[in-house]
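Take the sequences, apply the hints, and build the full model.
There are 2 protein chains.
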Amino acid sequence: MAGVKIGVVGAGSVAWSSKLIHDLLHTPQLYGSKVYLMDINEERLRLLKGFAEKYKSEVGADYEFVATKSRREAVREADIVINTAMYGGHKYYEEMRRISERHGYYRGVNSTEWNMVSDYHTIWGYYQWKLAMDIALEAEEYAPDAWLIQMANPVFELTTLIAREARVRVIGLCHGHMGYREIARAIGVNPDEVEFEAIGFNHVIWLTKFKQRGEDLYPLVDKWVEEEAEKYWQEWRKTQVNPFDIQMSPAAVDMYRRYGLFPVGDTVRGGTWMYHWNLETKKHWYGPTGGPDSEIGWQIYLAHGEAWLEEIEEAVRSGSPLAPMFPKGLSGETVVPLINSIIHDEPATYQVNVPNLGAIDGLPDNVAVEIPAAVDGKGVKRPQGLKLPGRILRLVLWPRMLRAEMAIEGFLEGGFQVLLDWLMLDPRTKSEKQAEQAWQEILSMPGNEEMKKHYS
Amino acid sequence: MAGVKIGVVGAGSVAWSSKLIHDLLHTPQLYGSKVYLMDINEERLRLLKGFAEKYKSEVGADYEFVATKSRREAVREADIVINTAMYGGHKYYEEMRRISERHGYYRGVNSTEWNMVSDYHTIWGYYQWKLAMDIALEAEEYAPDAWLIQMANPVFELTTLIAREARVRVIGLCHGHMGYREIARAIGVNPDEVEFEAIGFNHVIWLTKFKQRGEDLYPLVDKWVEEEAEKYWQEWRKTQVNPFDIQMSPAAVDMYRRYGLFPVGDTVRGGTWMYHWNLETKKHWYGPTGGPDSEIGWQIYLAHGEAWLEEIEEAVRSGSPLAPMFPKGLSGETVVPLINSIIHDEPATYQVNVPNLGAIDGLPDNVAVEIPAAVDGKGVKRPQGLKLPGRILRLVLWPRMLRAEMAIEGFLEGGFQVLLDWLMLDPRTKSEKQAEQAWQEILSMPGNEEMKKHYS
Numbered sequence: 001m002a003g004v005k006i007g008v009v010g011a012g013s014v015a016w017s018s019k020l021i022h023d024l025l026h027t028p029q030l031y032g033s034k035v036y037l038m039d040i041n042e043e044r045l046r047l048l049k050g051f052a053e054k055y056k057s058e059v060g061a062d063y064e065f066v067a068t069k070s071r072r073e074a075v076r077e078a079d080i081v082i083n084t085a086m087y088g089g090h091k092y093y094e095e096m097r098r099i100s101e102r103h104g105y106y107r108g109v110n111s112t113e114w115n116m117v118s119d120y121h122t123i124w125g126y127y128q129w130k131l132a133m134d135i136a137l138e139a140e141e142y143a144p145d146a147w148l149i150q151m152a153n154p155v156f157e158l159t160t161l162i163a164r165e166a167r168v169r170v171i172g173l174c175h176g177h178m179g180y181r182e183i184a185r186a187i188g189v190n191p192d193e194v195e196f197e198a199i200g201f202n203h204v205i206w207l208t209k210f211k212q213r214g215e216d217l218y219p220l221v222d223k224w225v226e227e228e229a230e231k232y233w234q235e236w237r238k239t240q241v242n243p244f245d246i247q248m249s250p251a252a253v254d255m256y257r258r259y260g261l262f263p264v265g266d267t268v269r270g271g272t273w274m275y276h277w278n279l280e281t282k283k284h285w286y287g288p289t290g291g292p293d294s295e296i297g298w299q300i301y302l303a304h305g306e307a308w309l310e311e312i313e314e315a316v317r318s319g320s321p322l323a324p325m326f327p328k329g330l331s332g333e334t335v336v337p338l339i340n341s342i343i344h345d346e347p348a349t350y351q352v353n354v355p356n357l358g359a360i361d362g363l364p365d366n367v368a369v370e371i372p373a374a375v376d377g378k379g380v381k382r383p384q385g386l387k388l389p390g391r392i393l394r395l396v397l398w399p400r401m402l403r404a405e406m407a408i409e410g411f412l413e414g415g416f417q418v419l420l421d422w423l424m425l426d427p428r429t430k431s432e433k434q435a436e437q438a439w440q441e442i443l444s445m446p447g448n449e450e451m452k453k454h455y456s
Numbered sequence: 001m002a003g004v005k006i007g008v009v010g011a012g013s014v015a016w017s018s019k020l021i022h023d024l025l026h027t028p029q030l031y032g033s034k035v036y037l038m039d040i041n042e043e044r045l046r047l048l049k050g051f052a053e054k055y056k057s058e059v060g061a062d063y064e065f066v067a068t069k070s071r072r073e074a075v076r077e078a079d080i081v082i083n084t085a086m087y088g089g090h091k092y093y094e095e096m097r098r099i100s101e102r103h104g105y106y107r108g109v110n111s112t113e114w115n116m117v118s119d120y121h122t123i124w125g126y127y128q129w130k131l132a133m134d135i136a137l138e139a140e141e142y143a144p145d146a147w148l149i150q151m152a153n154p155v156f157e158l159t160t161l162i163a164r165e166a167r168v169r170v171i172g173l174c175h176g177h178m179g180y181r182e183i184a185r186a187i188g189v190n191p192d193e194v195e196f197e198a199i200g201f202n203h204v205i206w207l208t209k210f211k212q213r214g215e216d217l218y219p220l221v222d223k224w225v226e227e228e229a230e231k232y233w234q235e236w237r238k239t240q241v242n243p244f245d246i247q248m249s250p251a252a253v254d255m256y257r258r259y260g261l262f263p264v265g266d267t268v269r270g271g272t273w274m275y276h277w278n279l280e281t282k283k284h285w286y287g288p289t290g291g292p293d294s295e296i297g298w299q300i301y302l303a304h305g306e307a308w309l310e311e312i313e314e315a316v317r318s319g320s321p322l323a324p325m326f327p328k329g330l331s332g333e334t335v336v337p338l339i340n341s342i343i344h345d346e347p348a349t350y351q352v353n354v355p356n357l358g359a360i361d362g363l364p365d366n367v368a369v370e371i372p373a374a375v376d377g378k379g380v381k382r383p384q385g386l387k388l389p390g391r392i393l394r395l396v397l398w399p400r401m402l403r404a405e406m407a408i409e410g411f412l413e414g415g416f417q418v419l420l421d422w423l424m425l426d427p428r429t430k431s432e433k434q435a436e437q438a439w440q441e442i443l444s445m446p447g448n449e450e451m452k453k454h455y456s
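Heads up: the sequence lines are chains A and B, in that order. According to the working numbering, the first sequence holds residues 1 to 456 in order. According to the working numbering, the second sequence holds residues 1 to 456 in order.
None of these hints come from the bench; they were simulated from the model. Keep in mind the model is a prediction, meaning the values are calculated, not measured. Errors might be hidden in some of the hints.
[What the hints assert, rightly or not] Listed next, the in silico DSS-like pairs over lysine-lysine satisfying Cα-Cα at most 30 Å (straight line):
#: 1; chain 1: A; residue 1: Lys430; chain 2: A; residue 2: Lys49
#: 2; chain 1: B; residue 1: Lys433; chain 2: A; residue 2: Lys223
#: 3; chain 1: A; residue 1: Lys91; chain 2: A; residue 2: Lys430
#: 4; chain 1: A; residue 1: Lys130; chain 2: B; residue 2: Lys430
#: 5; chain 1: B; residue 1: Lys283; chain 2: A; residue 2: Lys430
#: 6; chain 1: A; residue 1: Lys19; chain 2: A; residue 2: Lys381
#: 7; chain 1: A; residue 1: Lys283; chain 2: B; residue 2: Lys430
#: 8; chain 1: A; residue 1: Lys223; chain 2: B; residue 2: Lys453
#: 9; chain 1: A; residue 1: Lys231; chain 2: B; residue 2: Lys433
#: 10; chain 1: A; residue 1: Lys430; chain 2: A; residue 2: Lys19
Listed below in structure tokens is the structure:
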């Protein structure tokens, strides 16, 4: 029996939290623990608490689930704090996007080269960042021995920021690296037999190792690109329904050709503006939905989140067994196994986001990289001196890092200049007046009063 | 008597070399030295040799001047190698600029945020960079104990590149920091009494210290901005004839307001595209000439270089005394005093460009920074931990550094992608087709055959 305290801040995301609860219930090593589910949405909390209790009895697991609206109660003396909170809800960001587009910024001023992900809120994520920092500082004060697991996006920026500005042990987690399994399946290899390494920044990772029984699989990837890609795309263009089905898209293959390594997971959603000028361009590279970050794909994604909510509600209400909602075994999310490795000092390797400190050559120490690393009770043991091609460092990671540094500067120091200069590096900008007016209108939006003050 | 060997590669730039010779002749500590003036332009060499011998007799100085077309002869066993060579002549670059402009890239694809200087050739400087690296590698082989003084632009990129790629002790030199004297004069302070510090990258330096007898002079700058700038600009708009007369321009003051420190020297020529969209914008910020890097200002600059050439020719031919061509004392260029400090182990402080190695906080170690540093026979003693505001680091130096890293990547690794991605970060780009076509036509220009191969 572990008897640890896990505080989950922002547990109201039902799709995600139900998977977390499923994994906890199927991890007997952590039985006896207390799990605080914290959110500001009371209704969601009630639903989740009901779900957790019902599923717990069904499995016969031993946990104490506490639903609370008090963040401090969830954090205080926790061994693990998970931040999965998103400030404001999607409507808030969609409104900023709408204003941006009126000023010529398709998909919003937040979208930039190598970050086209529609809810990876960087330069306009003021409140989201403030929330994440508040949680980190609360952990620093009320749970000084805790590990903070940062799952809320933007994982790259927030892990970097928190590691610099708070005295708390932070690990950023994401599941995008699982995209390597789709690459394996495409080339006819069992994903479970694959040894892989994908490194870079969160959402910008590149396949540096891809092997089966010691044999390099890249030649099979090349063969697929050469002989099968066209046929695959023909079919895919007729049948793509999931906008996230882009791991083997023309965009991914084009990036592979241009930069020399295969892009993994959310990386494919990035790239320069050449993949993203408009819906037509997006369809060319990402299929008929235009990928997850087009105006079409994003609506599908948002609708999908609501469907999960209804399904769980229905399952709890009807009293039917919950297990069939989930695949057998753990969900594949690494957060629960990682917690177990930390709590029970059981070393295992995870894809984590942590300050570089020499892990990847050619990047500063104080920027969060995404790498596979051994984690145990003592923490994260980084590999050292991992290599990426100069092309990827200079043309992808450095530009991406520049955006992170600008957003961090803006968040920490405020002032209008950073917002203006952000858009002066953007090929959508035609004049500084356009940039100024877009930001002025965004800042004047109801709800952005504090943000406006910060950036004035 | 020093008896050292100084090899000057690219001595054919008469305006510059005549000042170098003037300073050498007025530095008796270096008498007895051999000075190799190397260039591929025989006519210029003859002119310079004639000038040097005549001026030497006039002053009664003791030097041996050797004119040579052999780079190796100039470099071999030199104690000091000065690289001041510019590949190709201005016409070559003007042609690339002309092609760029046909594709929508005003002032050329080489111009970017914080490098709008018309002959600071970065991404399109393939041959210039190759020449600089050849000289550095020749010094490595034939003059392993020499100091290489890199004066040919782009000093920022080339000093960085050479320090990384050649085993030679390199110092980059520029005179742009002298702009602090104009600021002093504007606020009514004797420049000779001013203590100043201006740091950053070459051509991107910011006034971090500005004092007179221990008193901070920034309040006087603020007063000037508040009370006198408008009046000054009114007059200046009517009388500006020198396009370089921009140290106190609206651009400089605007940068000061936006970034928090006063920009010094060539820094004022930089900025984001907001100062540079077109001639009209440039005139607004840089006066009626549009500054040195407008189509007007640049023509004035090019014409001025030719005038110097004619003046020296005429002076040598006529037999009239040469001294009156120069102001009393040394020219103000630091290269000769710096050589003397190195050769005679006489410590003094110079504005140099050297790999950071901790000199400025928040910048990588392997990037060349411009700082004041003590130089003596053992080399450069950097100050440590100099501070710049986050705003300048994140919004100015990081974007500028990103461009340097992209250009270095392109030079070392080649391939078309870097050229394309260079323009995908440019607000003048409307489509990747535009970017591709601009580069294709530049690469297909006669004379660019090797460069085309490199970038294919």
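These are the hints, each one checked on the structure:
1. Proximity of lysine 430 (chain A) to lysine 49 (chain A) is assessed by CA-CA distance (about 51 Å); at most 30 Å being required, the pair is judged violated.
2. For a cut-off of 30 Å, the pair hint linking lysine 433 (chain B) to lysine 223 (chain A) stands: about 29 Å separates their Cα positions.
3. Proposed proximity of lysine 91 (chain A) and lysine 430 (chain A) is supported: the alpha carbons are some 28 Å apart, at most 30 Å.
4. Taking the CA atoms of lysine 130 (chain A) and lysine 430 (chain B), the gap is about 35 Å. The hint is violated against a cut of 30 Å.
5. Distance restraint check for lysine 283 (chain B) and lysine 430 (chain A): the Cα-Cα separation of roughly 18 Å lies within the 30 Å cut-off, and the hinted pair is therefore satisfied.
6. Of the supplied pair hints, the one linking lysine 19 (chain A) and lysine 381 (chain A) holds, its CA atoms being roughly 27 Å apart against a limit of 30 Å.
7. At most 30 Å may separate the alpha-carbon atoms for a hinted pair to count; lysine 283 (chain A) and lysine 430 (chain B) meet this at roughly 18 Å.
8. Of the supplied pair hints, the one linking lysine 223 (chain A) and lysine 453 (chain B) holds, its CA atoms being roughly 27 Å apart against a limit of 30 Å.
9. Simply put, lysine 231 (chain A) and lysine 433 (chain B) have alpha-carbon atoms about 26 Å apart, close enough for the 30 Å limit, and the pair holds.
10. With a CA separation close to 45 Å, the supplied pair lysine 430 (chain A) and lysine 19 (chain A) exceeds the 30 Å bound.
The structure shown violates the earlier hints numbered 1, 4 and 10.
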